[in-house]
Amino acid sequence: MTMTNPNDDMLDDLFAQARGVDPTPSNDLMTRVLTDADAVQPKPVVRPDTRPGFWVRLVDAVGGWPAVSGLAAATIAGLWVGVAPPASVSDLTATLIGDEVSISLFSTELMLDEGVFSDG
Amino acid sequence: MNASPDPFAGAPDEALLVAYANGDGQAARVLTRRLLPRVLAQATRMLGVPAEAEDVAQDAMMRLWKVAPDWRQGEAQVTTWLYRVVANLCTDRLRKRRGVSLDQVAEPLDATPSVTAQMQTQARMTALSEALAQLPERQAQAVSLRHLEGLSNPQIAQIMDISVRSVESLTARGKRALADIMAGRKAELGYDDDEPE
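Sequence order for the protein chains is A and B.
Start counting the first sequence at 1; every next residue gets the next number (my numbering).
Start counting the second sequence at 1; every next residue gets the next number (my numbering).
Calculated directly from the structure, the hints in this document are not laboratory data.
No residue lacks a Cβ here, since even glycine has one placed at the ideal position from N, Cα and C.
Careful: at least some of the hints might be erroneous.
To be verified - Pulled a few chain A residues facing chain B out of the computed Cβ check, cut under 8 Å:
| # | residue |
| --- | --- |
| 1 | Asn7 |
| 2 | Ala18 |
| 3 | Val33 |
| 4 | Arg51 |
| 5 | Ser69 |
To be verified - Label pairs and their computed distance ranges (CB to CB):
| # | chain 1 | residue 1 | chain 2 | residue 2 | range |
| --- | --- | --- | --- | --- | --- |
| 6 | B | Thr79 | A | Gly63 | 37 to 45 Å |
| 7 | B | Gly25 | A | Val68 | 29 to 37 Å |
| 8 | B | Arg34 | A | Gly64 | 51 to 59 Å |
| 9 | A | Thr31 | B | Glu137 | 26 to 34 Å |
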């Protein structure tokens, strides 16, 4: 007759019974878990309409802001040439059009006449 | 029982979790089907009360969903992580339960065999859960993972983030304490004299 610790036997039996407990999740629990999953799931990143506006696309089309600054400089230079053409351009214009108009933007005579520069 | 095929068959849980974090709705269903039964079983074995176990299972799964975006692949397995979370949630509940009789909350585990046998099984599971509640938390976790889940000591060491030697010590002390606690309830639980059922 071998004697074993009866408490251990009881415990081992209880453990075995507990391991046999294998509940099937109810539909209600499945629904609760999936509802939670849906509620906290990171949503796919929905990009807003990131198509750039007209001006941005225009700037991009000409090559970005460096190109725009170059264009602006060229425009001002063109305007300048139009308003106060160098002598060679003036001659050409006179040849083609037959007349020549010259405007001096900084006429010292005019300024002196108006007293812009005071004597002394 | 599962009629719908698993479109992610063969994919590891960790990959599914990443898919879930990336917005894949189907991944959550597959993960739930795979993991929830195990999570619920662990909680039921530790707590002995199905309703409480369901709450813990839902809570554990919610924590999984929330950790998904920060999940670092290769560092841990989802199942290992869940064992730890469920064990912690259960010992939290067991601690709050100390001194409170489970008689008011106990309910049948299932509606299968005879009512008498069912009630006795329920009484035993409740008694085991009450005894676990009296152990220090780490002992209760180690004992439940070893003897209720049937995990190996290295697995438990990984789950509890301790050494195998510590697991052995915790389970040995825990089991001894559990036996002492349960000794006084032998007759009540149908273990008359030396004859385990």
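Tested hints:
| no. | hint | in the structure |
| --- | --- | --- |
| 1 | Asn7 | holds, 4 Å |
| 2 | Ala18 | holds, 5 Å |
| 3 | Val33 | holds, 5 Å |
| 4 | Arg51 | violated, 23 Å |
| 5 | Ser69 | violated, 43 Å |
| 6 | B:Thr79 to A:Gly63: 37 to 45 Å | violated, 57 Å |
| 7 | B:Gly25 to A:Val68: 29 to 37 Å | violated, 46 Å |
| 8 | B:Arg34 to A:Gly64: 51 to 59 Å | holds, 52 Å |
| 9 | A:Thr31 to B:Glu137: 26 to 34 Å | holds, 32 Å |
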